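This is what each chain is made of:
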Amino acid sequence: MSSFLIHPLTLRLVSVVIAFGTWEYLGRIPISPAFPTFLETMSALWGMLMDGSMLAVYPATFQPLLIGLIISSILGIACGVFMGLNHKAEWFGAPVFIVLQSAPLAALIPLLTFAYGIGLTSKIITVCIMSMPVIVLNAYTAVRHTPTSMIEMGESYLGSYRQIIMKIIIPAASPVIYAGLRLGAAMGFIGAILAELLITPTGIGDLITYNQSIAEYDKMYAAIFSIMVFAVLFIEILERTEYIFFRPDKRVTQ
Amino acid sequence: MKIFGIQIPMMASLILWAIVWEIVGQLELSILLPPFSHILIRMVEIVPTATFMNALWITAKCFLIGTAIAIVVGIPIGVLMGRSIVIDRMLLPWVNMFLSAPLTALVPVLMTLFGFGTKTIILTTVLFAIWIIVLDARAGVKNITPSLVDMTKSFQANFWQAFTKVYVWAAMPEILAGIRLGCIRSIKGVIIGQLLVSVVGFGRLFELYSANFLMEHMWALLFVLFFFAFLIAEGLGVLERKFEYYAASRN
Amino acid sequence: MSAAAEAVSNTTPIAVEVDQVTKIYPGGVEALNDMTIQFPKGELTSLLGPSGCGKTTLLKIIAGLLKPTSGTVKVNGVDVTGPGKERAFVFQDFALMPWASVIRNAAFGLELQGMNKTEREAIAGKYIDIVGLKGYENLYPHELSGGMRQRVGLARALAVNAEVLLMDEPFSAVDEQTRRKFQEDILEVVDDEQKTFIFVTHSIEEAVYVSQSIALLLPRPSRVSEIIRPDIRRDISPDAIRRDPVYLDIVERIWQGLRTYVE
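Protein chains in written order, with the numbering used here: chain U, 1 to 254; chain S, 1001 to 1251; chain V, 2001 to 2263.
Please note that the accuracy of each hint is not assured.
Ranges of calculated distance between the beta carbons of each label pair, as one might list FRET restraints [to be verified]:
hint, chain 1, residue 1, chain 2, residue 2, range
1, S, A1157, U, I244, 56 to 62 Å
2, U, L13, S, A1211, 47 to 53 Å
3, S, L1016, V, S2051, 55 to 61 Å
4, U, K88, V, V2078, 32 to 38 Å
5, U, Y25, S, I1085, 22 to 28 Å
6, U, E236, V, G2132, 55 to 61 Å
7, V, S2145, U, M166, 25 to 31 Å
Just so you know, the hints here were simulated from the structure itself, not pulled from any lab data.
Quick caveat, the model's predicted, so the values are computed rather than measured.
Virtual Cβ for every residue (Gly too), placed ideally from N, Cα, C.
Chain U with its partners taken away, still in its complex shape:
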């Protein structure tokens, strides 16, 4: 019985119940007129799903997000791998990305609006600049840290340069590259939402700010809840697809 009580799934359920229960309670006190209860938020969520208003806005959020993420991933991994393999590229590129990674890149958004206006381009670029540094740095570190003995093994069995990169370095680097993609995706989501809150409200950002301005807090919270859930699911799915492409051994590990 006690093993059931402390089983991970039971406790997860318990924590979810406590979390949402606390939310409900705080909403009922209420701690603020602007704080809807959990149930109010959920019913608003349901309502918005049903009347299509939520599904209608998501494409506007996803367009810059997906385009931006695809660009950052491809460009980012390519840059990172290149920097990992080539010393000159490393010398030119690594310091830039290291500085960018600790920099609060969100501060660049006003600049982007300035140069590219308030349309799709600025939003795509926002997603790109937020997600690229971590993707590049992860790919670069992963390639640099390929175990020497494995590369020597490839050389000793007469692997060509290309063979060693494709068959040894990239698969060895893929877990860290993937971790970079996950972090990049998380930053991309932040970028997309920031873009919508700062540049022009479209998509989910629009739902949030509009409902905030007309004091429909349950709908506002519902919109926020939905994007949070979505982001988490997206990143979770990304994590699970790693073994399909590069690391079948991870599927075996539980």
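Let chain U serve as the given structure and place chains S and V on it in line with the hints.
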């Protein structure tokens, strides 16, 4: 990289980039990029001004308070999670979730609840920083080798002694790594908070500059911010490295 | 040097010839200085010595993974300029690809040479059987013990059918019991395969047990101090060999010779 056989440090490539920037700016290739030298001049101009100093003061205040709260609250939670399986299983899914969730989406919530002031910004900072601090503190505690625990028991140390003399130091490398990453995130949080709240601190300055199309001023402000962010991150990195020497050999 | 030449029988052909090889690493560390040594064909020769005597460096130079600062290495009369098909390397830390199955790892040398999948997996499968891992073909390295992983490394080296097998402390990363079993098994493989084995080890017992010839290397400057041909009976059981007075004498003699060089 070597020129004429002399090894040039990597950071020197930034100087090269600065030169490229200067050329691009002088040639007026993009409205986005004024000459590097002009930006440097502006930096010297704006930093001593009252508005800038005020904004810096607000930012620093929010950053320090926010990060301090994140550390003081986050480390004990992480330690608890590392020591208790029940608490760990209850809290870990949430910590992992918030680590990668777009916390920016929560800032409007904070704004409606706490208004348009520094309180919101401080809370944004805490929100951004706390999860990684919790996670790394937890990792640090979990990494304490059982034999070390047995050793403290065998010498009959009481809980407080064990905690302060052994456990804290054993977990210190991970805790410091968490604090460093937490600081990087709280800098982002403090900036994002100000951008969204936009009537205080740097957010207000950015609004001001963009409304008046002052590109050079915007870049100057950015450089100063980036510079401080980099300094803090590197400073913490140095501190972390001081503990690194025993990190690998603990097991 | 002439003692070394004498110890090798004049009629045995030489597989690998190392001639006045010096290796100085960038930074000034001198790993090898004017090293000259010959390895007879079809035999297992050990390079035995304390750490710092350059044995792994020498092995990697023979393998073509490192370039000597001066001096030449010839394999079957041909100068070594890099890795080659006639040499295969067995790594101390196994160097298996964790994302590939046992059979793919074993066939990897053939894969890099461009052989098609069916052919190479057939060959690799044969050697997986020889090293005693039949049935484990589709498992991944993390599912195997250290000893089993090294067997995969050995199968991979055997599968490319090289004439010279270079083994860099191949049994040092496994536990003692597995190590003893390996030593017994390697004797069988040496018998069956008719290849030249060059074996780096720092264990005296191991060297005496498995080798037909032991080159004692000493550091600073790194040199061959002696070549020993352990004259022990191989027709008795493995445990009996380890108790044989001749075996024990040779081990003791070598130990006394190396004592002063152990840090």
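Consistency of the hints with the structure:
The hinted range of 56 to 62 Å is not satisfied by S/A1157 and U/I244, whose Cβ atoms lie roughly 49 Å apart. Between U/L13 and S/A1211, the C-beta spacing of about 51 Å keeps the proposed range 47 to 53 Å intact. Roughly 43 Å separates the CB atoms of S/L1016 and V/S2051, a value that falls outside the hinted 55 to 61 Å. Range check, U/K88 to V/V2078: Cβ separation about 35 Å, and the 32 to 38 Å hint holds.
Restraint check, U/Y25 to S/I1085: a C-beta distance of roughly 27 Å satisfies the suggested window 22 to 28 Å. In this structure, U/E236 and V/G2132 break the distance hint of 55 to 61 Å, their C-beta atoms being roughly 42 Å apart. The supplied range of 25 to 31 Å is met by V/S2145 and U/M166, whose beta-carbon atoms lie about 30 Å from each other.
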